[in-house]
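S.K.: With these hints in hand, go ahead and build the complete structure from the sequences.
Protein chains: 2
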Amino acid sequence: MNIVLLSGGSGKRLWPLSNNARSKQFLKLLTSEDEGKESMVQRVYRQIGQMDADVHVTVATSVAQVDSIRSQLGAEVDIVTEPERRDTYPAIMLAAAYLYDVKHCGLEEPVIVMPVDPYTEQGYFDTIRKMERAVRENVADIVLMGIDPTYPSEKYGYILPKREKKNGYAEVQKFIEKPDTSKAAELIAAGALWNGGVFAFRLGYLIGKMDAEPETSRFHMLMEQYHKLKKISFDYEVVEKAEHIAVVPFCGMWKDLGTWNTLAEEIGTDTGLTIRGEGTADTKIVNELNIPVVALGVKDMVIAASPDGILVSGKDASSFMKPYVEALEQRPMYEERRWGSYKVIDYITYSDERKSLTKHLEIHAGKKLSYQSHAKRDEIWTVVDGTGVLLLDGHTRNVKRGDVAYITAGMKHALCAVTDLHMIEVQIGPELDEEDIVRYAMEW
Amino acid sequence: MNIVLLSGGSGKRLWPLSNNARSKQFLKLLTSEDEGKESMVQRVYRQIGQMDADVHVTVATSVAQVDSIRSQLGAEVDIVTEPERRDTYPAIMLAAAYLYDVKHCGLEEPVIVMPVDPYTEQGYFDTIRKMERAVRENVADIVLMGIDPTYPSEKYGYILPKREKKNGYAEVQKFIEKPDTSKAAELIAAGALWNGGVFAFRLGYLIGKMDAEPETSRFHMLMEQYHKLKKISFDYEVVEKAEHIAVVPFCGMWKDLGTWNTLAEEIGTDTGLTIRGEGTADTKIVNELNIPVVALGVKDMVIAASPDGILVSGKDASSFMKPYVEALEQRPMYEERRWGSYKVIDYITYSDERKSLTKHLEIHAGKKLSYQSHAKRDEIWTVVDGTGVLLLDGHTRNVKRGDVAYITAGMKHALCAVTDLHMIEVQIGPELDEEDIVRYAMEW
Numbered sequence: 001m002n003i004v005l006l007s008g009g010s011g012k013r014l015w016p017l018s019n020n021a022r023s024k025q026f027l028k029l030l031t032s033e034d035e036g037k038e039s040m041v042q043r044v045y046r047q048i049g050q051m052d053a054d055v056h057v058t059v060a061t062s063v064a065q066v067d068s069i070r071s072q073l074g075a076e077v078d079i080v081t082e083p084e085r086r087d088t089y090p091a092i093m094l095a096a097a098y099l100y101d102v103k104h105c106g107l108e109e110p111v112i113v114m115p116v117d118p119y120t121e122q123g124y125f126d127t128i129r130k131m132e133r134a135v136r137e138n139v140a141d142i143v144l145m146g147i148d149p150t151y152p153s154e155k156y157g158y159i160l161p162k163r164e165k166k167n168g169y170a171e172v173q174k175f176i177e178k179p180d181t182s183k184a185a186e187l188i189a190a191g192a193l194w195n196g197g198v199f200a201f202r203l204g205y206l207i208g209k210m211d212a213e214p215e216t217s218r219f220h221m222l223m224e225q226y227h228k229l230k231k232i233s234f235d236y237e238v239v240e241k242a243e244h245i246a247v248v249p250f251c252g253m254w255k256d257l258g259t260w261n262t263l264a265e266e267i268g269t270d271t272g273l274t275i276r277g278e279g280t281a282d283t284k285i286v287n288e289l290n291i292p293v294v295a296l297g298v299k300d301m302v303i304a305a306s307p308d309g310i311l312v313s314g315k316d317a318s319s320f321m322k323p324y325v326e327a328l329e330q331r332p333m334y335e336e337r338r339w340g341s342y343k344v345i346d347y348i349t350y351s352d353e354r355k356s357l358t359k360h361l362e363i364h365a366g367k368k369l370s371y372q373s374h375a376k377r378d379e380i381w382t383v384v385d386g387t388g389v390l391l392l393d394g395h396t397r398n399v400k401r402g403d404v405a406y407i408t409a410g411m412k413h414a415l416c417a418v419t420d421l422h423m424i425e426v427q428i429g430p431e432l433d434e435e436d437i438v439r440y441a442m443e444w
Numbered sequence: 001m002n003i004v005l006l007s008g009g010s011g012k013r014l015w016p017l018s019n020n021a022r023s024k025q026f027l028k029l030l031t032s033e034d035e036g037k038e039s040m041v042q043r044v045y046r047q048i049g050q051m052d053a054d055v056h057v058t059v060a061t062s063v064a065q066v067d068s069i070r071s072q073l074g075a076e077v078d079i080v081t082e083p084e085r086r087d088t089y090p091a092i093m094l095a096a097a098y099l100y101d102v103k104h105c106g107l108e109e110p111v112i113v114m115p116v117d118p119y120t121e122q123g124y125f126d127t128i129r130k131m132e133r134a135v136r137e138n139v140a141d142i143v144l145m146g147i148d149p150t151y152p153s154e155k156y157g158y159i160l161p162k163r164e165k166k167n168g169y170a171e172v173q174k175f176i177e178k179p180d181t182s183k184a185a186e187l188i189a190a191g192a193l194w195n196g197g198v199f200a201f202r203l204g205y206l207i208g209k210m211d212a213e214p215e216t217s218r219f220h221m222l223m224e225q226y227h228k229l230k231k232i233s234f235d236y237e238v239v240e241k242a243e244h245i246a247v248v249p250f251c252g253m254w255k256d257l258g259t260w261n262t263l264a265e266e267i268g269t270d271t272g273l274t275i276r277g278e279g280t281a282d283t284k285i286v287n288e289l290n291i292p293v294v295a296l297g298v299k300d301m302v303i304a305a306s307p308d309g310i311l312v313s314g315k316d317a318s319s320f321m322k323p324y325v326e327a328l329e330q331r332p333m334y335e336e337r338r339w340g341s342y343k344v345i346d347y348i349t350y351s352d353e354r355k356s357l358t359k360h361l362e363i364h365a366g367k368k369l370s371y372q373s374h375a376k377r378d379e380i381w382t383v384v385d386g387t388g389v390l391l392l393d394g395h396t397r398n399v400k401r402g403d404v405a406y407i408t409a410g411m412k413h414a415l416c417a418v419t420d421l422h423m424i425e426v427q428i429g430p431e432l433d434e435e436d437i438v439r440y441a442m443e444w
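The listed protein sequences correspond, in order, to chains A and B. In terms of the numbering used here, the first sequence opens at residue 1 and continues consecutively. In terms of the numbering used here, the second sequence opens at residue 1 and continues consecutively.
Please note that the accuracy of each hint is not assured.
Since the list gives no way to pick out one identical chain from another, each pair is judged satisfied if it fits inside one copy or across any two copies.
[Said to hold, decoys possible] Heads up, simulated BS3-like pairs for lysine-lysine below, C-alpha to C-alpha not over 25 Å straight-line:
id : residue 1 : residue 2
1  : Lys-12    : Lys-299
2  : Lys-412   : Lys-400
3  : Lys-400   : Lys-376
4  : Lys-299   : Lys-368
5  : Lys-165   : Lys-367
6  : Lys-299   : Lys-322
7  : Lys-241   : Lys-230
8  : Lys-400   : Lys-165
Bear in mind the hints are in silico, worked out from the structure with no lab data behind them.
M.R.: Laid out in structure tokens, this is it:
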């Protein structure tokens, strides 16, 4: 069986931990099996690995997330990279074409597409097995997972099944998108389920929908034409137009940890340097800074601190965060990359033409910063721990703790960490942003 | 008239803004006359300057505060520096000896000693004038200010005056130190006043108490013997032993802004990059970091963020902060110095023998970092803005934005800023602390 994990875009509803470069599914806040911390994507990937089935996983995502996914799931994970963000319909079609043209999957093979971030239990994956069997038995064009609703939520789509049930599935009677609370209550009374965004189908069902000349690769065609594809959800463009749709219910624990309010319930211990004093209760503290957070007399709140900012919020009020943080217009101050991570530790504008920005970079042993140059800034690198090999305009030299490199604007530079390497990078220039970069091909 | 401002020790009750190197009186949180921000010491100094009198101000403080006082009050302010902290009796005796031996004040001159941090109004200084007149009229050995109590507080000393009043003062009947609430209420009913820690006397009264050989300088003697002086308050050692004590009442606004709870009332607008959203009310936010603080649904709290840490506290709970922050054992991450200020922006321990620490230093035009060396660390300096002159092991060179200096352990170095100069300093070594410093004499 093929599972396609849809790793969606970044949002700011978990600011300051999530940002344009760091989506909520990568935050290591959940308690792992060994009582450490794991992210949503790590949890789902682990749960899939525990399924009683031979499963091949492909992650469908955008280029911005590739580094984070490889860093968290390992270098071997299969990734299909969308050239740009265009909603779930183009993303799933591209993944299907990838499975067919690149992975040479058969047209009869069942494919399950699911989001990368549901907080759920093993029964969810048993339900996926039931969906797979329903596809193999050819009960419908598309088989959906219906989540047993726990309250009349206004934020989900509802699936109303027909009354008649066979072998654990039912045909779908109709879809109702985000009803108001009273309508939602009526629907639940009538047996409706939440649409969990899990789709199962034979690979051939989607491949058959793609126009293509014989012998051409649908995958390469879609990659080239991607910017022209309709920005529309898979639900609207495919599911609701399908002739035969079935739904398999799932009655277990399922949560959408999309806001601090919901996430707070699942965060175990406080993260980072935190001190709870006098009268602090029902409060979660996540501190990614290396200075302490002291909470006194704090009740029913969330406190989150990262290089991007500090959130202090009542749990309920956190749902209203979006407009405030979207107005911030700030560059990401922390990013996980394929090679490690960086943190902006200082940033000052002296005048329009004179800025400085200082980063702490951590490069994992054996990893490389790509060969690159910047047009508008000088960089002064100081290695503060570890060893590596530096490449400057074609010349290599070994570097170690205490070594300094001066990289002027236009100079090509790369670095390979031999051991885990920490570096302070001071940038000076009139414009200091991640977009000022030219990359060069270079095999080490 | 001479006013001696006692600039007391640092505490952590206003953590993370106050620390061992930065006392509460230097925090620029109060609203100044031009709607900017001023500190407690700046406010008091300004109010003294507005007095209708010829006043000479001397600040009595410890060496740790000299840089902050000069930076906030100007280079001209007269400072008497205690060799070490030893309570108010030795501090005031030293200041008196300084006025006599160094400033050559006459023995008949009135001296008023007052704390540097009362939050009060102009009437307070009118009361000081009345105290001065009482000293000139020789009504007592010591004249105190009695603050009209606003509630039966347990944290102040009380002065019970005799019933008979003349010319705005009364003789003191007795002192009662920190009574319980019911005793305090009784005292207030009987006409007792709070002891505001303001003492007025003829200079000769204190000078007469100092044993000294003729012709010797009491000031130099006290400086040398300072470590042997009794650690005791001026109230216990002098005031309560005096034969004739008078008190002048003050009935205006007077506040001790010693905790976040009391300070919060007097902070005007939020400081720094702050965003108040949805349901945030009755809350003060002070943000000295260059990342935003977002507060949602926060009620009746104080949020304070500095390079030392982040406090989130209910206003009432903030009074209980001391034990929690005293347990922190953290080096100061921000200090104001005579030459400007520094901020620790990164600090990592890789192993017992391998640490790195990165600072952003701001050195004001014309100011100098003293000639110094460090035994246990290398420093890499990168000038990120401004110009200056660098002195390295006896050799000078001009430096500007973009220049780098590598200062190995043992190397003597100094810097003079020509224009305002910003620098990133990367420290590498087995021990990185402010105590690892040897200073050298050097005239530029």
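S.K.: Please list, smallest to largest, the hint numbers that this structure does not respect.
M.R.: 4, 5, 8
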